[in-house]
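Line by line, the protein sequences give chains V and E.
Residue numbering for the first sequence is 43 to 152, as defined by the numbering used here.
Residue numbering for the second sequence is 145 to 259, as defined by the numbering used here.
Bear in mind the hints are in silico, worked out from the structure with no lab data behind them.
Bear in mind that the values here come from a model prediction, so they are computed numbers and not experimental data.
All C-beta atoms, glycine included, are put in the ideal place defined by N, C-alpha and C.
Accuracy of the hints is not assured; some may be wrong.
30 Å max Cα-Cα, derived BS3-like pairs, lysine-lysine [as the list claims (entries may be wrong)]:
| hint | chain 1 | residue 1 | chain 2 | residue 2 |
| --- | --- | --- | --- | --- |
| 1 | V | K84 | E | K162 |
| 2 | V | K84 | E | K201 |
| 3 | E | K213 | V | K84 |
| 4 | V | K84 | V | K139 |
| 5 | E | K201 | V | K112 |
| 6 | V | K44 | V | K109 |
| 7 | E | K215 | V | K139 |
| 8 | V | K139 | E | K209 |
| 9 | E | K201 | V | K44 |
Covered by chain E, according to a simulated footprint, are these stretches of chain V (three or more residues, beta-carbon under 8 Å) [said to hold, decoys possible]:
| hint | region |
| --- | --- |
| 10 | 79 to 89 |
| 11 | 143 to 152 |
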Amino acid sequence: QKEVEQDPGPLSVPEGAIVSLNCTYSNSAFQYFMWYRQYSRKGPELLMYTYSSGNKEDGRFTAQVDKSSKYISLFIRDSQPSDSATYLCAMVSGAQKLVFGQGTRLTINP
Amino acid sequence: EAQVTQNPRYLITVTGKKLTVTCSQNMNHEYMSWYRQDPGLGLRQIYYSMNVEVTDKGDVPEGYKVSRKEKRNFPLILESPSPNQTSLYFCASSPRTSGQQETQYFGPGTRLLVL
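Kindly produce the complete structure, drawing on both the sequences and the hints.
So, in structure tokens, the structure goes:
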């Protein structure tokens with residue numbers, strides 16, 4: 043079983059829709075949770091990170107962590123075609139090991 | 145401009161021919177790391193370095209070597225490449241060495257094909 047599970051998609055939604063991306067994990071030692079965005083032919087770039095359970099907002103993006111369920115989510119409101127990318131969740135344990143999900147490919151259709 | 149650079153961006157080689165992929169960062173970061181990205185497997189860490197002369201294995205170190213003689217450079221060496229090392233490789237750096245590796249900055253990637 044992988045430490046981090048993420049549905050690879052692809053996921054295709056119309057412009058303006060609310061997008062929900064999710065990851066589950068099995069290692070309770072994970073303390074920090076991140077979302078990276080990767081455009082085609084580019085390296086991943088950090089979108090959001092959070093430490094505790096609960097929600098964190100940044101503009102149209104909301105990261106949600108539920109440590110009791112070992113489940114994290116990224117919500118994108120008012121989605122735009124420029125949001126089309128692969129979204130990777132990532133987690134860090136106290137041992138400083140960074141583990142990525144396999145990424146969800148998202149397309150926002152105009 | 146703060147960035148992580150990798151060279152080459154694309155490389156086609158043959159089995160057994162030694163190659164080096166260079167990585168350099170201009171942000172004075174202590175932590176650097178190499179990943180490979182494969183379809184269905186996501187990003188997997190190959191090696192990482194907490195500082196100069198300090199390196200350690202990641203999840204998939206077999207067939208790779210690294211060195212960290214200077215803070216800014218972290219080359220990835222494939223002594224005898226094999227076709228299963230065909231992949232997309234990313235170098236990353238981070239200003240933190242303890243705990244929070246969330247602020248990793250990634251290079252543009254090197255696409256390697258081993259025939």
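message: I'd like to know which numbered hints this structure contradicts. Please list them from smallest to largest.
response: Hint check: nothing fails, all pass.
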